[in-house]
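With the hints as extra help, turn the sequences into a complete structure.
First residue of the sequence shown: 1, per full-length UniProt numbering; consecutive thereafter.
Hints are computed from structural coordinates only; laboratory data are not their basis. Just so it is clear, the structure is predicted and the values come from calculations on it, not from any experiment. Among these hints, one or two may not hold up.
[What the hints assert, rightly or not] For lysine-lysine, the following DSS-like pairs were computed, each having C-alpha atoms within a straight-line distance of at most 27 Å:
hint	residue 1	residue 2
1	K64	K36
2	K106	K136
3	K154	K136
4	K130	K154
5	K106	K130
6	K106	K64
7	K64	K154
8	K64	K136
9	K36	K136
10	K106	K154
[Claimed, not checked] Computed spacing ranges between beta-carbons, pair by pair:
hint	residue 1	residue 2	range
11	E245	A103	22 to 28 Å
12	E25	V163	41 to 47 Å
13	G179	C24	56 to 62 Å
14	L5	V71	40 to 46 Å
15	N301	Q70	24 to 30 Å
16	R183	V129	34 to 40 Å
17	T317	K154	52 to 58 Å
18	Y276	P99	43 to 49 Å
19	Q33	S216	58 to 64 Å
20	N96	A147	45 to 51 Å
21	Y276	A147	55 to 61 Å
22	Q70	S216	48 to 54 Å
23	V20	A103	57 to 63 Å
24	R183	C24	47 to 53 Å
Using N, Cα and C, we set each Cβ at its ideal position, and we do this for glycine too.
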Amino acid sequence: MAHTLQEFYDDQIDACPADVRMLCERRNADCSQTRKLPPEVLIEIFAILGSFNYGRHCLYPHLKWVSVTQVCRTWRNIALNEPLLWTDFVNRVHSNWAPEIFARSKAAPLRVCLGEFNGTPDFIIDELVKSPERIKELEIDAYGGAALVRRLVKPAPILESLVITSDTGVEFPPNFLGGVAPRLRSVRCWVLPAEADWLANLRSLNHSGLLPTHASWLSKLTSLHLGRYATQLSKSVDGMFSILENAPLLHQLTFTTSSHMGDAPRTRSTPLRLRYLRDITAYLEAKPGMAIIFDQLQVDNIERLRTFWPRQFEDSTMLEHVRNFFDRCYHGDTLQYSTHELEKRRYICWTEPGQEFQDRTRKSYTRY
Numbered sequence: 001m002a003h004t005l006q007e008f009y010d011d012q013i014d015a016c017p018a019d020v021r022m023l024c025e026r027r028n029a030d031c032s033q034t035r036k037l038p039p040e041v042l043i044e045i046f047a048i049l050g051s052f053n054y055g056r057h058c059l060y061p062h063l064k065w066v067s068v069t070q071v072c073r074t075w076r077n078i079a080l081n082e083p084l085l086w087t088d089f090v091n092r093v094h095s096n097w098a099p100e101i102f103a104r105s106k107a108a109p110l111r112v113c114l115g116e117f118n119g120t121p122d123f124i125i126d127e128l129v130k131s132p133e134r135i136k137e138l139e140i141d142a143y144g145g146a147a148l149v150r151r152l153v154k155p156a157p158i159l160e161s162l163v164i165t166s167d168t169g170v171e172f173p174p175n176f177l178g179g180v181a182p183r184l185r186s187v188r189c190w191v192l193p194a195e196a197d198w199l200a201n202l203r204s205l206n207h208s209g210l211l212p213t214h215a216s217w218l219s220k221l222t223s224l225h226l227g228r229y230a231t232q233l234s235k236s237v238d239g240m241f242s243i244l245e246n247a248p249l250l251h252q253l254t255f256t257t258s259s260h261m262g263d264a265p266r267t268r269s270t271p272l273r274l275r276y277l278r279d280i281t282a283y284l285e286a287k288p289g290m291a292i293i294f295d296q297l298q299v300d301n302i303e304r305l306r307t308f309w310p311r312q313f314e315d316s317t318m319l320e321h322v323r324n325f326f327d328r329c330y331h332g333d334t335l336q337y338s339t340h341e342l343e344k345r346r347y348i349c350w351t352e353p354g355q356e357f358q359d360r361t362r363k364s365y366t367r368y
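See below:
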């Protein structure tokens, strides 16, 4: 009887630490000032923390915010039950983590970045192939991602952005995304098919390879970035203009000249008019003579113009082509024009159409 009674008290004593710990957790949860923050505010805070760039050396940068949720049980529960906080997937997600994160994201749209396919869990690949209707943003590396691209043959109705990185292109299958991606507005890649239903609503393109000059989707572009190899493959300014002629709705244009481009044409029957073009960035370091293309370009009103030149460039006549374009096409009352990289820390700028440009060497400034 005594032995049984002693065991009874021992059990009660052993249970005390657990009960005390539970009471402390309840007290902290019920009496803490953190309870004054409503769940929607906490979710917004966690989402902002998740958007920070924590550096490449952080093991799981997109999950760095999770440690903040450890303040109390209430915060943890709010985070665990909010699917939108678990929608970012990168290639460094541990294979043991992937299924749990997918489960927490429930049916929320996914943002996926797979940069190193050798470290990507098969679970993630299989889920993307099985449920492309959940993908909102997709970035993959072409070196290891070609196989995934070939497997993505189901519709992606909410996909908005597609990025395929690397120095080589990837061939899209004829049935890529089942031809259905009505929200796809932005693409960055090396190679695109001339005709594809999934590109029907494309608006922004960052392209590095040979661009099909008569692609039907060019006619709807509002933003176009032509990389160095894209202009190199175009061979000449005439080739680049052939592309631009089929993109009449452009608002923003960025291009990088290649040293392999042929000489720019000095005559054209009529200038190329892009009436909606407002923003131009031209990297002319490799071929400053290509500045002559501004003589053959006409827009209704330029609002922002940036040109980049070689550091050891002394031919100021090339600047005149840009300046003349500026004089013709700038009709505003605020200036956003500057030329950079004439030499180290040397800037050239002018403030009004018709005014002589100012050459300020060894001084870094921009006037608007």
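Checked hints:
| no. | hint | result |
| --- | --- | --- |
| 1 | K64 / K36 | holds (24 Å) |
| 2 | K106 / K136 | holds (14 Å) |
| 3 | K154 / K136 | holds (14 Å) |
| 4 | K130 / K154 | holds (8 Å) |
| 5 | K106 / K130 | holds (14 Å) |
| 6 | K106 / K64 | holds (20 Å) |
| 7 | K64 / K154 | violated (33 Å) |
| 8 | K64 / K136 | holds (22 Å) |
| 9 | K36 / K136 | violated (33 Å) |
| 10 | K106 / K154 | holds (19 Å) |
| 11 | E245 / A103: 22 to 28 Å | violated (51 Å) |
| 12 | E25 / V163: 41 to 47 Å | holds (44 Å) |
| 13 | G179 / C24: 56 to 62 Å | holds (58 Å) |
| 14 | L5 / V71: 40 to 46 Å | holds (43 Å) |
| 15 | N301 / Q70: 24 to 30 Å | violated (54 Å) |
| 16 | R183 / V129: 34 to 40 Å | violated (20 Å) |
| 17 | T317 / K154: 52 to 58 Å | holds (56 Å) |
| 18 | Y276 / P99: 43 to 49 Å | holds (48 Å) |
| 19 | Q33 / S216: 58 to 64 Å | holds (59 Å) |
| 20 | N96 / A147: 45 to 51 Å | violated (23 Å) |
| 21 | Y276 / A147: 55 to 61 Å | violated (40 Å) |
| 22 | Q70 / S216: 48 to 54 Å | holds (53 Å) |
| 23 | V20 / A103: 57 to 63 Å | violated (33 Å) |
| 24 | R183 / C24: 47 to 53 Å | holds (49 Å) |
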